[in-house]
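Here the structure of chain U is known, so what remains is to put chain W in place on it, guided by the hints.
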Amino acid sequence: MASAIRVLLFARLREICGASTVELSLDDAATPAECFDRLAARHRALASVRDRVMVAVNSEYAGWADRLSPGDEVAFIPPVSGG
Amino acid sequence: MTGRRLRVEVTDRAISASELADLVRDPRAGAIATFEGTVRDHHAGKKVAFLEYEAYAPMAESELRKIGERVIERWPLEAVAISHRIGRLEIGEVAVALAVSAAHRAEAFDALRWAIDTLKETVPVWKRETGPDGAFWIEGPEHVPVEE
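Protein chains in written order, with the numbering used here: chain U, 1 to 83; chain W, 1 to 148.
Just so you know, the hints here were simulated from the structure itself, not pulled from any lab data.
Just so you know, these numbers come straight off a predicted model, no measurement behind them.
A hint or two may mislead.
To be verified - Some, not all, of what chain W presents toward chain U, calculated at C-beta under 8 Å:
no.	residue
1	54
2	58
3	84
4	95
5	140
Just so you know, even glycine gets a beta-carbon here, dropped at the ideal spot from N, CA and C.
Pulled out of the complex, with its shape left as it was, chain U reads as follows (with noise of 0.2 Å):
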């Protein structure tokens, strides 16, 4: 799907949503935001731990409302604790 977006998710949040990986098209979800959005729907869990997420997109930090481009990687990055 040449408009699909690509969301890693880690730790934590790939434990409530159940998968590391989810794909979204852009249609739906034009950024970060939206994206968390469309994943809050399915798994109501999200909804608590968003204030406290960061994003990268094509791993680097990002802005939850930066625009999105087709084949865009997006990581919901939960508080890291390496070290």
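For chain W alone, coordinates are given in the frame of chain U:
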């Protein structure tokens, strides 16, 4: 940045600061500072049996590279090496290792401290802690029970 060496990796192999110290060794350096973050048997009052680390690997490596590039811009270093391990780690194993070399110790210590502090804020790596009380996602200061 000519002549300054930077090596970063996210790996499921065992890592150590001594291995990284050898990578940053340099004839122009009078100081090598290293840090290892190791798996502790307790956290926030809970006993810990083991940890499982996961990463968004391509982004984690690019964020580690940014940290390395920033410390090289900010301090007069010769070389920087940073490794983060992922997968299951037992008590005492090394989760993160850093080494920097510099002409003098002050900049080596300062750069090392800034690098590990920044790593803990920006690099997309997560840990899941398992102990007698169950399994938890570690999200900053919070423990969130694993539900699967």
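Cross-check of the supplied hints:
no. : hint : result
1   : 54   : holds (6 Å)
2   : 58   : holds (5 Å)
3   : 84   : holds (6 Å)
4   : 95   : holds (7 Å)
5   : 140  : holds (4 Å)
Of the numbered hints stated above, none is contradicted by the structure.
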